[in-house]
Amino acid sequence: MPAPVNAGTALATARERALAVLGGEPDDQTLGRYLHGIPGVDAVGLEQRAAALGTRSIKTTSKAWALDRIIELIDLTTLEGADTPGKVRSLVAKALTPDASDPATPRVAAVCVYGDMVPFAVEALGAAHGDPDDGLISVAAVATAFPSGRSSLAIKLADTAEAVAAGADEIDMVIDRGAFLAGRYGEVFDQIVAVKEACRRPDGTSASLKVILETGELVTYDNVRRASWLAILAGGDFIKTSTGKVSPAATLPVTLLMLEVVRDWHRLTGHRVGVKPAGGIRSSKDAIKYLVTVAETVGEEWLVPHLFRFGASSLLNDVLLQRQKLTSGHYSGADYVTID
Amino acid sequence: MTRLAVPKTYKLYIGGKFPRSESGRTYEVSAPDGRFLANAALASRKDARDAVVAARAAVSGWAGATAYNRGQVLYRIAELLEGRRAQFVSEIEETEGVSRAVAAAQVDEAIDRWVWYAGWADKFAQVAGNANPVAGPYFNLSVPEPTGVVAIVAPQDSSLLGLVSAVAPALVAGNPVVVVASERFPLSAISLAEVLATSDVPGGVVNVLTGSPAEIAPWLASHADVNAIDLVGAGALDWIALEIDAADTLKRVLRPENGPDAAAPALGRIQAFTETKTVWHTKSLR
Chain C
8 MPAPVNAGTA LATARERALA VLGGEPDDQT LGRYLHGIPG VDAVGLEQRA AALGTRSIKT
68 TSKAWALDRI IELIDLTTLE GADTPGKVRS LVAKALTPDA SDPATPRVAA VCVYGDMVPF
128 AVEALGAAHG DPDDGLISVA AVATAFPSGR SSLAIKLADT AEAVAAGADE IDMVIDRGAF
188 LAGRYGEVFD QIVAVKEACR RPDGTSASLK VILETGELVT YDNVRRASWL AILAGGDFIK
248 TSTGKVSPAA TLPVTLLMLE VVRDWHRLTG HRVGVKPAGG IRSSKDAIKY LVTVAETVGE
308 EWLVPHLFRF GASSLLNDVL LQRQKLTSGH YSGADYVTID
Chain F
104 MTRLAVPKTY KLYIGGKFPR SESGRTYEVS APDGRFLANA ALASRKDARD AVVAARAAVS
164 GWAGATAYNR GQVLYRIAEL LEGRRAQFVS EIEETEGVSR AVAAAQVDEA IDRWVWYAGW
224 ADKFAQVAGN ANPVAGPYFN LSVPEPTGVV AIVAPQDSSL LGLVSAVAPA LVAGNPVVVV
284 ASERFPLSAI SLAEVLATSD VPGGVVNVLT GSPAEIAPWL ASHADVNAID LVGAGALDWI
344 ALEIDAADTL KRVLRPENGP DAAAPALGRI QAFTETKTVW HTKSLR
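As you go down the protein sequences, you meet chains C and F in turn. Numbering-wise (the numbering used here), the first sequence opens with residue 8 and increments by one. Numbering-wise (the numbering used here), the second sequence opens with residue 104 and increments by one.
If we strip away everything but chain C, and leave its shape as in the complex, we get (with noise of 0.2 angstroms):
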């Protein structure tokens, strides 16, 4: 998010509040300490609990609304190796004009492109180019070598300030699932940080910085619990689940956990980080859910584009065909939505 906010100040802040919360340095130790004193998940109870929130019957008027906020809450992705700057534009055209036959459609909130992309992406937004709050959408573009992650620190920082450079507003870290599951917190704490660093631009501003944790690596419920406040005392403004190249990806109940994260990050800060499941979201049914366990855990406020994003590509095309289910009247088919 391009928020004119003082990068500086706010860093600052950011760590401020991780010392504070810490009662240390960040190292290897403290972080240890501090992320295993953390109480574990109660697994069963967290899934009965996701099970029991895509229950949720959610019908007519509540269900239009809820299309729109979903559409706008989308970060339109594209991340092949096969991408080229026309399927770039065909992605931007489409995150412009979602369904052609409907202009009341809602636009997404970004598109979300390779670092390299993003030069191609800014171009095709043109003017339409900015802050999804305003009605604009944002380009968010990956970064520190996605997927994997696997690369030295320098090369990930680099990565990082060309895409800023080149005009991206949000940044798509991936931390280094080795060192956590190593153990080693404080490389990954510092990764973070050094990564935020990257995200700042020369007149003061910064990127929104988005936390990749790659939860189908992390194996485990308490490990997706200590990344995600790990992530959150390096100072990042999201947490996402996935890069959507590994599977299981985005799950009910690991958003559940990581907005349960962040709820109680809020309460003891008093400050808002975003969450973003991605990958695996693909239908229309599915992505209510997740507003519905939004709503449930962090709350209403939580349903706007600077905290909470879908990263998809498939589930927009399913949310028009409801949409348009709901305008017509009757069934649509994939022939009266676009391809990509």
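It is worth saying that the hints were derived from the structure and are not from the lab. Wrong hints could be hidden among the right ones.
As the list claims (entries may be wrong) - List time: in silico BS3-like cross-link candidates among lysine-lysine, alpha-carbon distance up to 25 angstroms:
1. C:66 x C:292
2. C:70 x F:149
3. C:332 x C:292
4. C:70 x C:292
5. F:149 x F:120
6. C:292 x F:111
7. C:332 x F:149
8. F:114 x F:226
9. F:149 x C:292
10. C:252 x C:70
11. C:66 x C:94
12. C:66 x F:111
13. C:252 x C:66
14. F:111 x F:149
15. F:149 x F:114
In this text the structure is predicted, and so the values were computed from the model without any measurement.
Could you slot chain F onto chain C? The hints should help.
Frame of chain C; chain F shown alone:
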């Protein structure tokens, strides 16, 4: 010692599975003398929606299979029907209240019709297609291609024969179908689905809904992802309204037919659900 009766649960057939109606509804199927026979699932519009999704997913596999392979698969259905002949005969005897001989004749006719249509699978393109004469050194070939998902309102006054007569021709050309079975005689339709499930027909190629055609047909007629609708058994419905609904999405429509000859075997029923593709190809100059 008397055995406890084990009555059969008649469910829907969608995407190769046998789900209950998502609505949870059922309706009583009775013999003509009013005797209770079974509870059948009363499909809702959402079951129809799910069936269309399943059929759409099956298009590439079924339309992409070779004509010869489709013929083999359809013939195999006839083989399996033959093996369960007795079950169908007694089912029809009970539901339609006809004599054993009449029921047996219907089953025989249905099996023969499968075989007849199966034979057409790798032959109808030669008859329906054409090599068009053109002024130039080109082959100009017109070939019939499947149209896509076909919705069918099966003939309402027959258990098995009407259903087979409507479903088989649509399958021959490579179209997956969603069929609304006879409301009064739905049991044979589900038994046929059991035959299909254990034959080589891929899941989703045939989807069988039981319940009220008056309730379901409008949703299928207006569904934008259905490419054609066969209203052969919709004579008692407001089928003109269905045809108007279908026109909105440019569906192919077959109109209702009444009487014992409804959906009589014909090459035209196969061709009704095809699109003609014409291609040019250069001839050798010597």
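Structure versus earlier hints - violations, ascending order: 6, 8, 10, 11, 12, 13
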